[in-house]
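Visitor: Sequence:
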Amino acid sequence: FPADEVSRTSLTLLASYLIFNAIEALLLSKYGEDIEVMGVSRKVETPTSRTLELVAFSVIVMTVIIGLINVWEITGLLETTGVIGFLALIVFTTKDYWLRDFLSGILVIGGNSAKRGDVISIPEAGILGIILEIRGLQTRIRDLAQGHDIEIPNYNLLQYRTDYLRKSKGGPFKDFVEFHIGYGIPSSDVKDYLNAVYNAVSNSSSSLDALREPKITIRENSNNAVIWRLTYVLERPYQLLLVRNSINMAAYDLQDEYGIQLSTPQLEKLVDG
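In the numbering used here, the protein residues as written are 19 to 291.
If you're looking for bench data, these hints aren't it; they were derived computationally from the structure. Keep in mind the model is a prediction, meaning the values are calculated, not measured. Any given hint could turn out to be false.
Calculated pairs, DSSO-like style, for lysine-lysine (alpha carbon to alpha carbon, straight line, at most 27 Å) [to be verified]:
#, residue 1, residue 2
1, LYS61, LYS48
2, LYS61, LYS133
3, LYS192, LYS133
4, LYS209, LYS192
5, LYS233, LYS187
6, LYS133, LYS185
7, LYS61, LYS185
8, LYS61, LYS187
9, LYS133, LYS187
10, LYS192, LYS233
11, LYS233, LYS209
12, LYS133, LYS48
13, LYS209, LYS133
Whole structure, please, built from the sequences with the hints as guidance.
Guide: This is the structure we're talking about:
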């Protein structure tokens with residue numbers, strides 16, 4: 019059993035891991051940016067720090083590969099092809115496993131389209147969460163609904179439609195909740211009801227501005243109900259689900275007070291034979 023080789027291999031991998039983390043921390047402290055994530059101030063990557071991290075990662079990986087070749091005494095491969103040729107062979111044969119995600123990570127960070135702390139939605143992948151970390155090949159996301167961490171390939175951020183739920187140059191981030199309310203109720207009564215729902219939540223939540231009025235519109239007059247939309251400005255996008263749930267709860271609690279029922283009659287069609 020090659021105990022010596024296994025031991026040296028383990029030490030090599032451990033040393034490379036520690037060196038990379040030290041370099042990552044150094045680059046983050048020097049080139050990182052301070053932002054607030056879920057109420058906590060954090061140091062996050064910038065295009066400069068992330069690009070340098072990826073370069074450092076590549077150099078360390080190549081160095082480790084050459085070191086392991088010497089540990090296991092298979093230097094004949096290096097003598098036959100040369101160091102550059104060997105590394106080129108490794109890159110070419112493994113590019114399908116890492117190159118796409120590696121380049122995607124550079125494009126995402128370099129384009130400043132995504133960064134730690136952003137709330138994103140990827141409908142095709144069923145993901146709604148906050149970005150915790152963008153690594154060389156994968157991005158780690160905290161699921162807003164269940165609170166667990168998800169890791170997805172960086173390529174998914176470019177392959178699928180990705181919604182960035184944050185403030186932009188076009189204005190603040192807005193969200194909405196829709197309600198199906200039956201016909202026969204004056205629009206003024208419905209507006210009073212939905213305004214009361216909004217005020218009940220905004221008075222108890224720091225994510226909604228009590229001084230900012232919501233926008234109440236009719237999205238559709240469907241077959242058996244009117245679809246009303248309550249649109250509001252959300253100050254903290256990571257509390258999106260919490261605010262939606264609070265609005266739905268307030269709407270349920272205020273039904274009797276305003277004489278409005280959220281349950282709609284089922285549409286039935288009788289067909290004579």
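Visitor: Looking back at the numbered hints, which does the structure fail to meet, lowest number first?
Guide: 13
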